[in-house]
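Just so you know, the sequences run in chain order L and P. Residue numbering for the first sequence follows this note's numbering, starting at 1 and increasing by one per position. Residue numbering for the second sequence follows this note's numbering, starting at 1 and increasing by one per position.
Just so you know, these hints were derived from the structure itself, not from any lab. Heads up, the beta-carbon is just placed ideally off N, CA and C, and yes, glycines get one too. Accuracy of the hints is not assured; some may be wrong.
Unchecked claim - Only part of the chain L face toward chain P is listed, based on derived beta-carbon distances under 10 Å: (1) ALA9; (2) ARG32; (3) HIS46; (4) ALA80; (5) ALA84; (6) PRO88; (7) ARG92; (8) LEU93; (9) ILE94; (10) GLU95; (11) ALA216.
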Amino acid sequence: MPRYRMMYAKEGPAKYISHLDLIRAFERAARRAGLPIAFTRGFNPHAKLSFAAPLAVGTAGEAEFADIELDRDIPAGVVAKSLAAAMPDGLRLIEVRPVAQSAPALMAIVDRAAYTARAALIAPPQNETLQRTVDSFLARPEILVERRSKTGDKRKCDIKPGIFALSAHMDNDIIELAAELKTGSSGNIRCEELIAAFMEDSGLCARGNFVLSRRALLSAGGNLADLLW
Amino acid sequence: MNQLENILSQVKKPARYTGGEWNSIRKEWDKIELKTVFAFPDVYEVGMSHLGMHILYNIVNSRPDALMERVFAPWPDMADRIREDGLPLFALESQRPVKDFDIVAFTLQYEMSFSNILYMLSLAGIPLYAEERNEEDPLVIAGGPCAFNPEPMADFIDLFVIGEGEDVINELLDLVLAGKRANFQKNELLFQAAGIPGVYAPSLYDVSYGEDGAFSRIRPVRADVPEKITKRVVKDLDAAPFPLKPVVPATAAVHDRMMIEVFRGCTRGCRFCQAGIIYRPVREKKPETVLRQAAGLVKNTGFDEISLTSLSSSDYTPVLEVVKSLAQEHAGRGVNVSLPSLRADHFSMELAREVQRVRRSSLTFAPEAGTQRLRDVINKGVTEEDLMETAGAAFRGGWQAIKLYFMIGLPTETDDDVAGIARLARQVLALGRKSGVSRGRLKVTVSVSSFVPKPHTVFQWEPQERLEDLRRKQNALSSQTRERGLTLNYHDAGLSFIEAAFARGDRRLGSALARAFALGCRFDGWSEYFNIDLWLEAFRQAGLDPAAYAYRRFSYDDPLPWGHIDAGVSRQYLVLEHKRALAGAVTPDCRSGDCPGCGLCPALEIEPFYAGGDL
Numbered sequence: 001m002p003r004y005r006m007m008y009a010k011e012g013p014a015k016y017i018s019h020l021d022l023i024r025a026f027e028r029a030a031r032r033a034g035l036p037i038a039f040t041r042g043f044n045p046h047a048k049l050s051f052a053a054p055l056a057v058g059t060a061g062e063a064e065f066a067d068i069e070l071d072r073d074i075p076a077g078v079v080a081k082s083l084a085a086a087m088p089d090g091l092r093l094i095e096v097r098p099v100a101q102s103a104p105a106l107m108a109i110v111d112r113a114a115y116t117a118r119a120a121l122i123a124p125p126q127n128e129t130l131q132r133t134v135d136s137f138l139a140r141p142e143i144l145v146e147r148r149s150k151t152g153d154k155r156k157c158d159i160k161p162g163i164f165a166l167s168a169h170m171d172n173d174i175i176e177l178a179a180e181l182k183t184g185s186s187g188n189i190r191c192e193e194l195i196a197a198f199m200e201d202s203g204l205c206a207r208g209n210f211v212l213s214r215r216a217l218l219s220a221g222g223n224l225a226d227l228l229w
Numbered sequence: 001m002n003q004l005e006n007i008l009s010q011v012k013k014p015a016r017y018t019g020g021e022w023n024s025i026r027k028e029w030d031k032i033e034l035k036t037v038f039a040f041p042d043v044y045e046v047g048m049s050h051l052g053m054h055i056l057y058n059i060v061n062s063r064p065d066a067l068m069e070r071v072f073a074p075w076p077d078m079a080d081r082i083r084e085d086g087l088p089l090f091a092l093e094s095q096r097p098v099k100d101f102d103i104v105a106f107t108l109q110y111e112m113s114f115s116n117i118l119y120m121l122s123l124a125g126i127p128l129y130a131e132e133r134n135e136e137d138p139l140v141i142a143g144g145p146c147a148f149n150p151e152p153m154a155d156f157i158d159l160f161v162i163g164e165g166e167d168v169i170n171e172l173l174d175l176v177l178a179g180k181r182a183n184f185q186k187n188e189l190l191f192q193a194a195g196i197p198g199v200y201a202p203s204l205y206d207v208s209y210g211e212d213g214a215f216s217r218i219r220p221v222r223a224d225v226p227e228k229i230t231k232r233v234v235k236d237l238d239a240a241p242f243p244l245k246p247v248v249p250a251t252a253a254v255h256d257r258m259m260i261e262v263f264r265g266c267t268r269g270c271r272f273c274q275a276g277i278i279y280r281p282v283r284e285k286k287p288e289t290v291l292r293q294a295a296g297l298v299k300n301t302g303f304d305e306i307s308l309t310s311l312s313s314s315d316y317t318p319v320l321e322v323v324k325s326l327a328q329e330h331a332g333r334g335v336n337v338s339l340p341s342l343r344a345d346h347f348s349m350e351l352a353r354e355v356q357r358v359r360r361s362s363l364t365f366a367p368e369a370g371t372q373r374l375r376d377v378i379n380k381g382v383t384e385e386d387l388m389e390t391a392g393a394a395f396r397g398g399w400q401a402i403k404l405y406f407m408i409g410l411p412t413e414t415d416d417d418v419a420g421i422a423r424l425a426r427q428v429l430a431l432g433r434k435s436g437v438s439r440g441r442l443k444v445t446v447s448v449s450s451f452v453p454k455p456h457t458v459f460q461w462e463p464q465e466r467l468e469d470l471r472r473k474q475n476a477l478s479s480q481t482r483e484r485g486l487t488l489n490y491h492d493a494g495l496s497f498i499e500a501a502f503a504r505g506d507r508r509l510g511s512a513l514a515r516a517f518a519l520g521c522r523f524d525g526w527s528e529y530f531n532i533d534l535w536l537e538a539f540r541q542a543g544l545d546p547a548a549y550a551y552r553r554f555s556y557d558d559p560l561p562w563g564h565i566d567a568g569v570s571r572q573y574l575v576l577e578h579k580r581a582l583a584g585a586v587t588p589d590c591r592s593g594d595c596p597g598c599g600l601c602p603a604l605e606i607e608p609f610y611a612g613g614d615l
């Protein structure tokens, strides 16, 4: 069945759509667009839609990926045009390309993600001081965060192996963090966990919450946007 | 990060508060003369499932001179956050404060949501009491089923709309617009509004009470204000405005699907049922209307399920043809057809097979009472044979889960009637096993609610059963239903007790409600928030006894607090039906052509409309 790869942004009100609701939103948009969605067989058929990596509620996504399968061949340009017009506020379709049936699943390719996080600080440091803080944070032998299992038990987890890059700089009183973090079914790190650990370690204090954005999804070899098609 | 974004990052399910959903309408604020907001006194997922809201939203927004936005009760975590930040309650579309609108329109779906109306007014910074609101404050109006006894809310609401809103909403908006242009004082506006049929302005009525403290009468303060307010009824459902572009919720609603109302009203005549009275007479939509609306909805919403809604959808005359056509036309796109509940009869099984062609879920039946004797008293024309035959067919047809709905505390109910619920449930379970459903998968769920006598029904004079007796019956049932595959659910009887007091209450209950809210009551329809002790304390502070309201047996001659509201069914008929109920005499379905004589059609100059079976 013909398969299409979609690059889209999730921003504005759509930042707050949960992953489960996002799947529904895409299926509904495809139906409104009049596309012949392919369904799985069985008692509870569902649309053949697969996403590269779930995004935390509240985090914007600038270049997200999902695949959809259709029952018949339609030019990618037509899919893109009709689907773009059927997306709700904040879900912005950037590009659609056909992909080979044999192409590996998105989830199998994604290895890491690039994030930015911004917040105002109560006592903003100098850029040099901030650099030393980042260096000493990354020099720690392990970076432990607390996670809850599904049963509610707390356990400590070392996220250091999954931090591929972290940098920070000040823009007046705004701190801007950029991070590259392990993403996928194993060893996944949430950007919020990293920020919480860094803020605790650095003693810095934010005014309000961080504004988070996932800039890109990456494979082990580079940016997905360059590799996927 | 702006203030709202900062708040949204800290609350549960922030998509409840963002707006921007598909088909939501955001008009240019400064270009529209009349601004209204539909206020649903429960959380987003519940409110977005309410068809009435989508209907009114469509009607008002199709006017060039008016806009309607939406606001839902914020979950307590959100309420705490906006209070801390000093933000007032805001509407979803423009994110403007609710108090900036000309009209705030609440729907009264359920007595236990009354506390949330005060909660929302308070979060909006609008004075709770109508008499404390000045010319700058919005006009607060309300409609919906609970407006049929508006008295407990009368202190807080400027105008009630009684009955169906499609026509009267425009008449009311025209008047408010004219008033705005002519700079009417609020009082003048209320007087004029009271002249619109179906509109009730409670401040224009005086209530008096007898020496025994009981309600004695309600009278208009001026001769030109009507003594009785008669419900509004839409004559032709095919011609009535129906939203083909409803807002598609951003986060899963309770009923996350297309809703097509196939008819309004119900002909069955169940004696406990308020909806069966207040939505009379039956008016069916023609099949071509339903199919056309479905096609529009599929295209405009993208939902994967079409629900044919009504009070009893398997009664829709052309239901089988319509379901077949819908399945044929839309199943290819993964769109499934569903009916909200089925009667336990042979026809329903045939229907269920059609409905389940695309997707299979559980079947729900509502026998309501456990014995034939009691089902005759309530005029629920379902027999045990019907139920067993249908359940057997369902099990053989591949269904593994069946839900059964019952009530306890019905008039004349004995312990044997209650035991009958457990007997019936166990019989259905045994039938499932006999039919070869695997033990692990077989599931019979019994949901038992406590009967609340509602205004305008045949049982309006009846007292509610005492709380301790309801609890005793619930306990008895739970010991009689301990069997693998059998699940018993029941509601908090204390909640039904407070619900009964408000359902049957008079205007004095406003002070109990205000005190309950002050004590922290909100989201009382949610068992995790309902706290009966707070309500009992509120009644005590108000000097009122909830038992006196819930347990009162009215005589036929007693004045009723809702007596000035006319639902169209004659008092004489209700008395006759009440006597027949106590005698266990059943009354035929009005659909049978054998008119039981409720008096509504001549009184409201309307007739039932059946769409016929031919497509």
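How about ILE94 of chain L: closest beta carbon in chain P under 10 Å, or not? Violated - the Cβ of ILE94 of chain L stays beyond 10 Å from chain P, reaching only about 19 Å at its closest.
Let's test the interface hint: is any C-beta of chain P closer than 10 Å to that of GLU95 of chain L? With a minimum Cβ separation of about 21 Å from chain P (threshold 10 Å), the hint on GLU95 of chain L is violated.
Can PRO88 of chain L be said to touch chain P, with a Cβ gap under 10 Å? 4 Å, holds
Restraint satisfaction for ARG92 of chain L [CB to CB of chain P, less than 10 Å]: 12 Å, violated
Hint validity - ALA80 of chain L Cβ closer than 10 Å to any chain P Cβ: Nearest chain P Cβ about 17 Å off; hint violated.
For the restraint on HIS46 of chain L, tell me whether the closest CB of chain P is nearer than 10 Å. Holds - the Cβ of HIS46 of chain L comes within 10 Å of chain P, reaching about 8 Å at its closest.
Evaluation of the interface hint that places ALA84 of chain L against chain P, nearest CB under 10 Å: Since the shortest Cβ distance to chain P is 13 Å, the answer is violated.
LEU93 of chain L was flagged as interface toward chain P. Is the shortest Cβ-Cβ separation under 10 Å? With Cβ-Cβ at 14 Å, over 10 Å, it is violated.
Interface hint outcome for ALA216 of chain L [beta carbon to chain P under 10 Å]: Check failed: Cβ of ALA216 of chain L comes no nearer than 22 Å to chain P, outside 10 Å.
With a cut-off of 10 Å on the beta carbons, see whether ALA9 of chain L makes it to chain P. 14 Å, violated
Regarding the hint that ARG32 of chain L lies at the interface with chain P, is the smallest CB-CB distance below 10 Å? 4 Å, holds
Hints 1, 4, 5, 7, 8, 9, 10, 11 from the earlier list are contradicted by this structure; the remaining hints agree with it.
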